[in-house]
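Engineer: Each chain, written out:
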Amino acid sequence: MMELIISQVVNGLVWGLILALISIGLTLIYGQLEIVNVAHGALYTVGAVVSYYAFASMGGWVFSLIVSPVVLALLGLIIYLTTIRFALGKPPIVTVIITYGILFILEQTVFLTYGGVPRSIPNPIPYNIPFIGGDYPLYRVFCAVFSALVIFCLMGFLKWTRYGLWTRATKQDYETAMNMGIPVRRVYAFVFCLGSALAGLGGALAAPISSVTFTMGHSIIIDAFIVVIMAGFGSVIGTLVASLVIEVVIGVSAAFVNPVMAKVIGMALMVVVLFIRPEGLFGEE
Amino acid sequence: MGNQKTGTTRRQFIKTGLLGAGALSIGIGFPAIVRGKTDPIRIGGLMDMTGQLYAFGTWGHRSVEAAVKRLNAQGGIGGREVAYVMEDSATNVQTGLRKLRKLIEQDGCDFIVGPCNSGINTASAPIVEQFTTPSFAWGTALSITQDKGNRFVFRGINNIRHGMVALGKIMGSELGKRYYCLGADYEWGRSVINEFRRVMDPIGGKMVGEEYSPVGTEDFVPYLNKIKADDVDILVGGYFTGDILKLARQAYEKGLLKKMQIVGGAMPTGIAPKEFGPAGNAVWFTSYGPQRMVDVPDPLKPFNKVYRDAIGLDDEGKDAKTGEEGSPSYSWTPWEHVFWIKRGIEKSGWKSKDDVGKFIQALEGMKVEAGDGFPQGAKALRAQDHQVFTDQYVYKIQDNQYQLKGIVPAKDLDYPSEVDYTKQKV
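So the sequence lines, in the order shown, correspond to chains A and B. Heads up: take any position in the first sequence, counting from 1, add 72, and you land on this note's numbering. Heads up: take any position in the second sequence, counting from 1, add 1473, and you land on this note's numbering.
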């Protein structure tokens, strides 16, 4: 039993890091723009589809680690300029409705162009490592390490670069930031592009594990929202911690109960956290 | 004024009354008779055009559309044109039921065809009974034609019990004895597992574990971690399309498929075998029809050709225009459902919804021979549970191809019905 629990903890940490990458995009967008981006799962889907085409046309999946986030950042810019900037300052329900519309547009566009049939990308690192009497896919370890690197680079970026400083300043008090000469609107556009790029990168990383289909964002967006709510909207470090905790709890629970009940336990954990800390683990009161 | 008489005599009153009654009967009663002769017969297609079962719905829609076109080109049914109205269930039970009501109540459909989603099929049964509208189910969960069906529900395709029995017969000694079950947590996923157990129990099979996960699960590894490769011969996958693809690939990446094999409850419709990669070599599927033309028994080839040409499916089972993988093992069912309706109408003399009882009785126990309308082959519709019995196919992925491993004839797939709908009133 101990071996099983260790296996579940390790897999929970690995999947938690991938989920954190996607969820951080979501939390950055809400923390900065106060936009509840329901379309984030669709951006993740588009990222995976772009990854599939990058793999099919360039012959190597590794290119998609660059192509997907770049394409998604551009897509994010288009979405921001055409819709999101008009929703800034609107009540959350308005932003939900707008992004729900974007979700439909993106998903149906993928459906009409890519098709509805699931496709797969071959495992880019088709090796296993021996792990507690069994095998563990090396590619998943790569995903975890890569995700962790991106998250730490992002945290460094937010802490030590000028744009990072602007982003934090705008989040704290956008009026003061504007008075200090920070181009707030540009920061908003940048954050939305960054969030979209992270979703795209998550899609590219998950594509070889999962199957690429136009509905693949449905389940991940629910998980991402659970993570972000539990972490407290806007907290990067909180999102990382919440992702890891949620995935480890679900994984370990799955060792004892059925998978559906394991998900329920994950949800229950979120409810308990919100009951004790309504602002989330790392949220501000 | 108040005392003024209208001057209406009793004779005038009777005349006016008779004229009024006549006009009313023309307006209400006669048109039903006139409409019965001239209005089109309306078939409602409830198809999973979007969502998880998109590939089934798309090909199912094509099949019904092509079958209706063919019937109308041949003069319709009994000289009446056939109209086809389609609604998308979105592979969602709530949406499916809403659309079903629309097809019956607003569009006035006389018959319902589809969808493939077993959950929608079982939830639809009380509604089609309430509106006395015969429905032809396409899902393969056993319960559709057992405890969750009724006299208005027919199924022109084998069910998962047939599928698992056929798998057991063809796999033989390759089945092994120890099996682990993973299924989608809904009607069909559970039905796959139950029926596999029913096959394994009599031959001393040992179930090592049983779990159900939500449809659309991304990461199966937390569940695969529980499986020890040396303790299990067969991993039963009660999943369809993208989910069975993910399960097989992740099991392979976990190193579980060195000796273990996977059995799937349905052909992964719309998915090319190469998508499975090296995991495919360990995957078996039960199939409700032939995938490629080369797999079709010779006597059926001309009929299968007619059907494939009509819906734009090539000999390899791919879309003739796009080259994408089609749904040949499934999509003959909605095509044949249209021809079951034709047979029922012709035998019963059905004119309108008032004749639904005669229509149902006409179909109960009906046998059909292979033909253009029944390209999958001869079959019989059992009276008690409205379940078709026909040949079942078994496939395995080998060398990036769906390879036919055997066909089990309908006579070897019989089982006693646990219900008798013929005792229910129409």
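Careful, some of the hints might be misleading.
Unchecked claim - Within a straight-line C-alpha distance of at most 20 Å, the following computed DMTMM-like cross-link-like pairs (lysine to aspartate or glutamate) qualify:
{"#": "1", "chain 1": "B", "residue 1": "Lys1542", "chain 2": "B", "residue 2": "Asp1512"}
{"#": "2", "chain 1": "B", "residue 1": "Lys1778", "chain 2": "B", "residue 2": "Asp1792"}
{"#": "3", "chain 1": "B", "residue 1": "Lys1701", "chain 2": "A", "residue 2": "Asp207"}
{"#": "4", "chain 1": "B", "residue 1": "Lys1831", "chain 2": "B", "residue 2": "Asp1658"}
{"#": "5", "chain 1": "B", "residue 1": "Lys1815", "chain 2": "B", "residue 2": "Asp1792"}
{"#": "6", "chain 1": "B", "residue 1": "Lys1699", "chain 2": "A", "residue 2": "Glu75"}
{"#": "7", "chain 1": "B", "residue 1": "Lys1701", "chain 2": "A", "residue 2": "Glu75"}
{"#": "8", "chain 1": "B", "residue 1": "Lys1815", "chain 2": "B", "residue 2": "Asp1845"}
{"#": "9", "chain 1": "A", "residue 1": "Lys243", "chain 2": "A", "residue 2": "Glu106"}
{"#": "10", "chain 1": "B", "residue 1": "Lys1732", "chain 2": "A", "residue 2": "Asp207"}
{"#": "11", "chain 1": "B", "residue 1": "Lys1884", "chain 2": "B", "residue 2": "Glu1819"}
{"#": "12", "chain 1": "B", "residue 1": "Lys1699", "chain 2": "A", "residue 2": "Asp207"}
{"#": "13", "chain 1": "B", "residue 1": "Lys1621", "chain 2": "B", "residue 2": "Glu1891"}
{"#": "14", "chain 1": "B", "residue 1": "Lys1747", "chain 2": "B", "residue 2": "Asp1768"}
{"#": "15", "chain 1": "B", "residue 1": "Lys1731", "chain 2": "A", "residue 2": "Glu106"}
{"#": "16", "chain 1": "B", "residue 1": "Lys1642", "chain 2": "B", "residue 2": "Glu1602"}
{"#": "17", "chain 1": "B", "residue 1": "Lys1824", "chain 2": "B", "residue 2": "Asp1580"}
{"#": "18", "chain 1": "B", "residue 1": "Lys1898", "chain 2": "B", "residue 2": "Glu1602"}
The set of hints was computed from the structure by calculation and includes no laboratory data.
Engineer: Each hint needs a verdict: does it hold in this structure or not?
Structural biologist: Hints, verified against the model:
The suggested pairing of Lys1542(B) with Asp1512(B) holds, with an alpha-carbon distance near 16 Å, which does not exceed 20 Å. With a C-alpha separation of about 14 Å, the suggested pair Lys1778(B) and Asp1792(B) falls inside the 20 Å cut-off, and the hint holds. Restraint check for Lys1701(B) and Asp207(A): satisfied, since their Cα atoms lie roughly 11 Å apart, inside the 20 Å limit. Restraint check for Lys1831(B) and Asp1658(B): not satisfied, since their Cα atoms lie roughly 38 Å apart, outside the 20 Å limit.
Between Lys1815(B) and Asp1792(B) the alpha-carbon distance is near 27 Å, which puts this suggested pair outside the 20 Å criterion. Taking the CA atoms of Lys1699(B) and Glu75(A), the gap is about 10 Å. The hint holds against a cut of 20 Å. At roughly 11 Å between alpha-carbon atoms, Lys1701(B) and Glu75(A) fall within 20 Å of each other, so this suggested pair holds. Note on Lys1815(B) and Asp1845(B): the hinted pairing holds, with a Cα-Cα distance of about 13 Å set against a maximum of 20 Å.
With a C-alpha separation of about 10 Å, the suggested pair Lys243(A) and Glu106(A) falls inside the 20 Å cut-off, and the hint holds. Annotation: proposed proximity of Lys1732(B) to Asp207(A) holds, straight-line Cα distance about 14 Å (limit 20 Å). Proposed proximity of Lys1884(B) and Glu1819(B) is contradicted: the alpha carbons are some 27 Å apart, above 20 Å. Only pairs whose Cα atoms come within 20 Å are accepted, and Lys1699(B) paired with Asp207(A) is accepted, the gap being roughly 12 Å.
For the hint linking Lys1621(B) to Glu1891(B), the alpha-carbon distance of about 11 Å falls within 20 Å, and the restraint holds. For the suggested pair Lys1747(B) and Asp1768(B), the alpha carbons sit about 19 Å apart, so the restraint of at most 20 Å is met. Simply put, Lys1731(B) and Glu106(A) have alpha-carbon atoms about 50 Å apart, too far for the 20 Å limit, and the pair is violated. Pair hint Lys1642(B) plus Glu1602(B) does not hold up; C-alpha atoms about 37 Å apart against a cutoff of 20 Å.
Our distance criterion of 20 Å between C-alpha atoms is met by Lys1824(B) and Asp1580(B), whose separation comes to about 17 Å. As the CA atoms of Lys1898(B) and Glu1602(B) are separated by approximately 10 Å, the hinted pair is consistent with the 20 Å bound.
Hint compliance for this structure: hints 4, 5, 11, 15, 16 are broken, all remaining hints hold.
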